[in-house]
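**Student:** For the record, the sequence lines run as chains A and B. Taking the working numbering, the leading residue of the first sequence gets 1, the next gets one more, and so forth. Taking the working numbering, the leading residue of the second sequence gets 1, the next gets one more, and so forth.
Do not rely on the hints blindly, as some may be mistaken.
As the list claims (entries may be wrong) - Ranges between beta-carbon positions, derived for each pair:
#1 B:62 / A:6: 39 to 45 angstroms
#2 B:193 / A:52: 37 to 43 angstroms
#3 A:47 / B:185: 43 to 49 angstroms
#4 B:179 / A:25: 32 to 38 angstroms
#5 B:200 / A:30: 28 to 34 angstroms
FYI, nobody ran anything at the bench for these hints, they're computed from the structure. The beta carbon of each residue, even a glycine, is placed where N, CA and C say it ideally should be.
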Amino acid sequence: MDLIVSRARDEIRTLVLSENLFPSEAERKELIERSVSIAAGCVLHDHRELFSLS
Amino acid sequence: MIIVSFSRYLSTTLINTLSPDKAEVWTTEHLNSLHPSLSTLIGGVRLSFKATAANLVPYAFGLHPQLSISTSAATRHTMEIIRELLGDFNFFLVDHNSIRLPAHPALITIILQTIFQSHGGKLQSWVDFAHLDTIFALSGVAIYSILLEYQTGIHHPAEFGVEFRTKFNECKQKLDDIRGDPVAREELSRLQSDLITRGKCM
Numbered sequence: 001m002d003l004i005v006s007r008a009r010d011e012i013r014t015l016v017l018s019e020n021l022f023p024s025e026a027e028r029k030e031l032i033e034r035s036v037s038i039a040a041g042c043v044l045h046d047h048r049e050l051f052s053l054s
Numbered sequence: 001m002i003i004v005s006f007s008r009y010l011s012t013t014l015i016n017t018l019s020p021d022k023a024e025v026w027t028t029e030h031l032n033s034l035h036p037s038l039s040t041l042i043g044g045v046r047l048s049f050k051a052t053a054a055n056l057v058p059y060a061f062g063l064h065p066q067l068s069i070s071t072s073a074a075t076r077h078t079m080e081i082i083r084e085l086l087g088d089f090n091f092f093l094v095d096h097n098s099i100r101l102p103a104h105p106a107l108i109t110i111i112l113q114t115i116f117q118s119h120g121g122k123l124q125s126w127v128d129f130a131h132l133d134t135i136f137a138l139s140g141v142a143i144y145s146i147l148l149e150y151q152t153g154i155h156h157p158a159e160f161g162v163e164f165r166t167k168f169n170e171c172k173q174k175l176d177d178i179r180g181d182p183v184a185r186e187e188l189s190r191l192q193s194d195l196i197t198r199g200k201c202m
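All chains, please: the whole structure from these sequences, using the hints.
**Tutor:** Encoded structure:
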């Protein structure tokens, strides 16, 4: 959970800068969900890599 | 078992890659708890630019804050400077070899300090330099927001909000307009390239 939160923070900064610096409430919610999704995907991928190496 | 409320984004394939022994239970409550901190981060991007602009603008443009003890001459002088800067995007574009470019030292310094120096340069890791126009426009709007505060005498401690979206889009449009001229496009490209080179040396 902590890993995903940490990753999501970086993702959301990137999304905000690259896509929408002035999101409405609905857009803000969508950005947050996407950042968590991307972060979760990255963490799961990293975990799989680690698991396959061990 | 993993409960995800954002399953429309996270593919089943990815979920299946997680080994059962490492599985973590995700609840809607978990995800909802993330929203406040991530939501704050969205405004934080704008705030970081505005905070840098707030420090630089008074010195870069020789402004005096409006105070009851300010002399009328000082206030008049400040208002004249601000009127000049707010007119015709002078807060954003300056003449550079007869070409109007976003090359004012204040604008460049805001970018350098916010992206490359803040938090030990950590911010550059999440900046995609393909979106430099966004960064330039954001710096321009940060200056604009500070100038408005000087003009009205009302300080806003928070980041500039959605009411500045139009001005931000206008700044980006100015950059697109510059690229309409081949010579100006080359100058702008050189300016942005120099900025990255200089930033990475900081």
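**Student:** So, for every hint listed, does it hold in this structure?
**Tutor:** How the hints compare with the structure:
| no. | hint | in the structure |
| --- | --- | --- |
| 1 | B:62 / A:6: 39 to 45 angstroms | holds, 43 angstroms |
| 2 | B:193 / A:52: 37 to 43 angstroms | holds, 41 angstroms |
| 3 | A:47 / B:185: 43 to 49 angstroms | holds, 45 angstroms |
| 4 | B:179 / A:25: 32 to 38 angstroms | holds, 33 angstroms |
| 5 | B:200 / A:30: 28 to 34 angstroms | holds, 33 angstroms |
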